[in-house]
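Student: What follows is the residue order along each chain.
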Amino acid sequence: MAMKFEKTGEGKFMLDVCGYVCPHPQIYCKKSLEKMAEGDVLEMVFDNPSSAETIVQMLDQAGHELLEKKHEGGKIIFRIQKA
Amino acid sequence: MADQENNKKGQIWAFIITGVLILISLLYYKANVYYIYLVVYIWFGFAYGLMLQYGRFCFASASRDLFAAGVPRMAVGILVALIFFSTIQATLASTNMSTFHPAPIGIQVLISGIIFGVGMVLAGGCASGSLYKIGEGNGTSILAILGISFGQAIFVDLGGVFNSFVPESWKVSSAAKGLPPDKVTSWFDYYLTGYVWDKASVQLSHTKAIANAFPGALKYFIGDSLLNALIPAVLLIIIIYAFYTRKGFLKKRSKAKGGATGFGDEVSGVWNMLTASKRTTIMGILIGITAGLHIYVMKGMQLKFGVNNFGQLLTRMGHTADVSIRGTVFDPGYWYITSQEAQFGGWVLQKFGWNMRDNVFFGVNNGLPELWRNPALWMSIGIILGAMVMSLMNKEFKFKMPKGELIAWGLLGGTLMGMGSRPALGCNIGAFFIRVAGGDPGGWLFGLGMVTGAFVGVKFFNWWSERKMAKEMEAF
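Keeping their order, the protein sequence lines are chains F and Z.
1 is the number of the first residue of the first sequence in my numbering; add one for each residue after it.
84 is the number of the first residue of the second sequence in my numbering; add one for each residue after it.
Treat the hints with care, since some could be wrong.
30 angstroms max Cα-Cα, derived BS3-like pairs, lysine-lysine [stated by the list, open to error]:
no. : chain 1 : residue 1 : chain 2 : residue 2
1   : Z       : Lys382    : Z       : Lys481
2   : Z       : Lys361    : F       : Lys75
3   : F       : Lys69     : F       : Lys35
4   : Z       : Lys92     : F       : Lys75
5   : F       : Lys69     : Z       : Lys551
6   : Z       : Lys338    : F       : Lys35
7   : F       : Lys75     : Z       : Lys554
Just so you know, the hints here were simulated from the structure itself, not pulled from any lab data.
If we strip away everything but chain Z, and leave its shape as in the complex, we get (with noise of 0.2 angstroms):
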């Protein structure tokens, strides 16, 4: 009777919140039909935060599960979005309808990608992933957020005795990039203008040898879809399959019929591991088609204002002060978790008092928008709120207080992962999965880090579990 009463009370907050984004978004339309393109970030978010909470859909978990629990639904369910997600990237980018561009590939992007790994398994969730579980109640998570934008806006900002550090063709390389020198204060300046901007962006359909092989519309198919992702991700789904199920699985078929297995069994381990968690996987497909329709509504929203940045619809509304100097806020035009909570970070520092415009991050790059203006960080409140709607719905909602150590892995985690995701611009979402499916080969090299620094994470809570089982043994 009283988990009834429970589960209607769930439903019923579910519909509020539902109605109050629903009220928000009228009450921006009636402010001015330019809000309209903040309002698509809202539910864009919500949608993915009803899918990423109904999937479990977590990309710390997916190699974390993998080497802690030996269990591939998670990374399965990335490849399938992956697949998904570049195919209709390449299309949009094919009609010129896509707002992705690639990022600089360095070893920077590895070393980040580590960072960011490590700090992902102690927070217990990768950026995507703590804010969808925000929804459902996990305070461990709202500690790995305050982390991860406040230890951004921190990182992006100090000067000081940090920039003695900085090497000196990087402080050459940034004066010849002409920026206003009071912009060019903190270490990550340097490093940003200095070195990273010196280092070439990738996109395989913009290579010689691609554009040449396959010229037109070609070349995003089968340069940016099919070899930087559909074919490393079916190779990784066999890698996968070949090292964690197919043992298992050929046992039992073969228990099963009664002697040798074939080709045919193999193919049905593979889709037995694509289909072992069904909302996983089908979840993967939705959110993969989601982001690529994403794009195309931004574009579309960019190309009916005459646009190409947010920020410029705010001057026209008058609000120059959101703006960085070059007329801009952060606006991704895609999924994208960690740069605006860096801007929250940033907002919130500066209310106190820290001169967070004088960076290039927030003076020159992504402006510092209040946050009722700030398109990007609507995205990441739509996907709390469309997890919170999905948890309330499946009566899984339930506010956890972090307590003892989950506090201090929260904050740590968190904060690694704010400082993994700014050097290499982006995070499991921005750095990996977008970059992957547009043709950056950059995807790759951070998603090779994150998996690195999972496997060290989960080497280290390992060994932690085991000094903690051992002490309730005693009792035994």
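Next comes chain F alone, as it looks inside the complex (with noise of 0.2 angstroms):
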């Protein structure tokens, strides 16, 4: 099983954590956000309910914006636009 974290295009990038537990949903969500550029978008695609709490409020304490959330199949996606 391998985490995915790739460059989609301009600004865009995308990490998979699908099949990770806590806490590497969180802890990768993080470092990605931490190798992107202010106003770089992120798709994460995970699905651990319980990572998607601490996520949320990681994301509102450190001022980036959760712009889409969605369920698809038992997966979550989050858009998030770095701060």
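Taking the hints as your guide, dock the two standalone chains into a single complex.
Tutor: Following this line, the structure appears as structure tokens:
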């Protein structure tokens, strides 16, 4: 099993941590955002509901914007803009 | 359309699971009215499972997410639960309706907490958190619970070469206890009977200072609740606010107001932190109240049947092989996690021919009942099923087979949690939450160990994930 962190376009990144449980999704989310520039957008796909609660609060505290969140067949997708 | 179909299926499964549990409860009642005692454990477990899953309530997350992501939601949730639980616990103690008992304090509690703390971060959840995550379909948590179960069972039964490391003083002290020699065979037996049993247990309400200063019922409210739980919990909330959310909150406030902030803004900041994750905080309140109610109902059951341990009821029903030589089985009388998992591990190993009854843990204290007659194990099953029902209802259930590195983290973390919980006589619930709320300062010692262990675990995962990120970024 491997996590995926890819650059999908100019200012666009994708993080796939499906299958990972706590604390990996939140750690990888934080580290991905650290690698990105202000205004870049991260699409994050994960399937560990417990991580969602922590990630939402982490984004709020850091000032990043959660542009979209949706559920698709057990997967959770967050679109995040780095502040 | 497919999503709607899946939602409906999930809801149907939630009803089926609940229906099966009701049926099992009725069958137990029909078999013997004494089994109501066990049925109470099932349904409190079920209630804990519902609340733990809804609140994403995991003790591992409390310190881990604080260190790894700077998020205090779970630390706050636990402290809120503690405030409510300790108040109810003091009320019950003052009316002689409590089943709480303190545990021996010593350096072993701190060391065990550290081992447990590392384990819970590696496994991705604490002892109770791993159970609710199994209910969400998390395969890694199944491995963690297997690690806890077999890790503990083997840990308490190891003799032979391990006994050569046992200090002579433990052997002498153990021999003086007058236990049957065929039950004192493992290193853990000597540790328990020759070291831990010689340590003092402290409950603030029972100390001379508190009992003299606050006679009557007040000693429970002042000693056990206010001094041991409420004041430390409030102080910790303020410390967490000061270190983790204050700066960001006041910056936002100052920007919005266009000026300096004052004391009122600080109070708003604390309130904002408490309510940042409403589902966690509300579940913290409900879990605290439920844990108190659980104690009350268990004590009521004991009074009704004239017993203080379910082993006495098993004996009355003729199941004498289930109980220890004292006629007891593991029956905490409140929310507890790890010992019943040790019994599960011990039961399996016993079936494979390993003699698990020749030690103090199973043979003298906790017995080794058949799984379907194990009250506390039913509480754990109730937690799993309650969490499963909640996650099915909220479309969050998804079976995730553990793969790759997670297999190693789950098993290793679970085993460390097992090895950490036994010497401390409990886990994040039994050795921390219940003890702190009951007025036993030893609970804070275990908590300090857990936080220290979690810090080490987070450091390790930070290093590990940084390596993996660097590999991914080579392709950019």
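Student: Return the numbers of the hints above that this structure violates; sort them in rising order.
Tutor: Result: hint 1 breaks, nothing else.
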